[in-house]
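So the sequence lines, in the order shown, correspond to chains A and B.
Anchor point for the first sequence: position 72 equals 101 in the numbering used here, and the numbering is continuous, going up by one each time.
Anchor point for the second sequence: position 39 equals 41 in the numbering used here, and the numbering is continuous, going up by one each time.
Source of the hints: derived by calculation from the structure; they are not laboratory data.
Here a beta-carbon is modelled for each residue, glycine too, at the ideal position from N, C-alpha and C.
Hints may be right or wrong, so weigh each one.
To give an idea of the chain B side of the interface with chain A (calculated C-beta under 7 Å), a few residues [claimed, not checked]:
id: 1; residue: Q44
id: 2; residue: G45
id: 3; residue: L48
id: 4; residue: R98
id: 5; residue: N102
id: 6; residue: F104
id: 7; residue: F106
id: 8; residue: G107
id: 9; residue: T108
id: 10; residue: G109
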Amino acid sequence: SQTIHQWPATLVQPVGSPLSLECTVEGTSNPNLYWYRQAAGRGLQLLFYSIGIDQISSEVPQNLSASRPQDRQFILSSKKLLLSDSGFYLCAWSVGLAESDTQYFGPGTRLTVL
Amino acid sequence: AQSVTQLDSQVPVFEEAPVELRCNYSSSVSVYLFWYVQYPNQGLQLLLKYLSGSTLVKGINGFEAEFNKSQTSFHLRKPSVHISDTAEYFCAVSQRGTGNQFYFGTGTSLTVIP
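Build the full structure now, drawing on both the sequences and the hints.
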């Protein structure tokens, strides 16, 4: 069966520091991968999605970036964190890009920027 | 673009009482509908989905939802809730022709009172 991992589970970082969050998927090949952010009291905002290695689409312009160096690895990065980057970051995967394809979510990373 | 409205941000309900969590979407174009549940500090877990066919969809943990095209709604129901149902519930919509882009509501926090 497929599983999705995210780490770290929690992170506290000072403003201006770099960020690297990692997501890996097991049990499937060539998944579509997604990064979402969930701010306190708000819904999920799609940040990036990827249909393959080094193929990244950005949905929201910001100081975050994403990379996919391997088929089942998706990384979210920032060179300098802002206070507004605090939130719960969720990685998700799907088999295909059809509208009917379910997205499956990882356990998330709680990021607090101080 | 699609918008998803969850009309109730918080729903308190007594244990063993019925509950309905409301979800409305904006577009009348062919849609696919999903409900996810999020327990504290965890990722999202799929409860149920509507792709086609019968408008009444049954999911896990005794939940069901009904697709109403004329009212552009997909309300979630459970006839008798348990303490363990306390969680955040998200409605999501994908729209034919937009690929696997999910539009999420802002969530409904269900609190089951003993």
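So, going through the hints one by one against the coordinates:
{"no.": "1", "hint": "Q44", "result": "holds (6 Å)"}
{"no.": "2", "hint": "G45", "result": "holds (4 Å)"}
{"no.": "3", "hint": "L48", "result": "holds (6 Å)"}
{"no.": "4", "hint": "R98", "result": "holds (5 Å)"}
{"no.": "5", "hint": "N102", "result": "holds (5 Å)"}
{"no.": "6", "hint": "F104", "result": "holds (6 Å)"}
{"no.": "7", "hint": "F106", "result": "holds (4 Å)"}
{"no.": "8", "hint": "G107", "result": "holds (6 Å)"}
{"no.": "9", "hint": "T108", "result": "holds (4 Å)"}
{"no.": "10", "hint": "G109", "result": "holds (6 Å)"}
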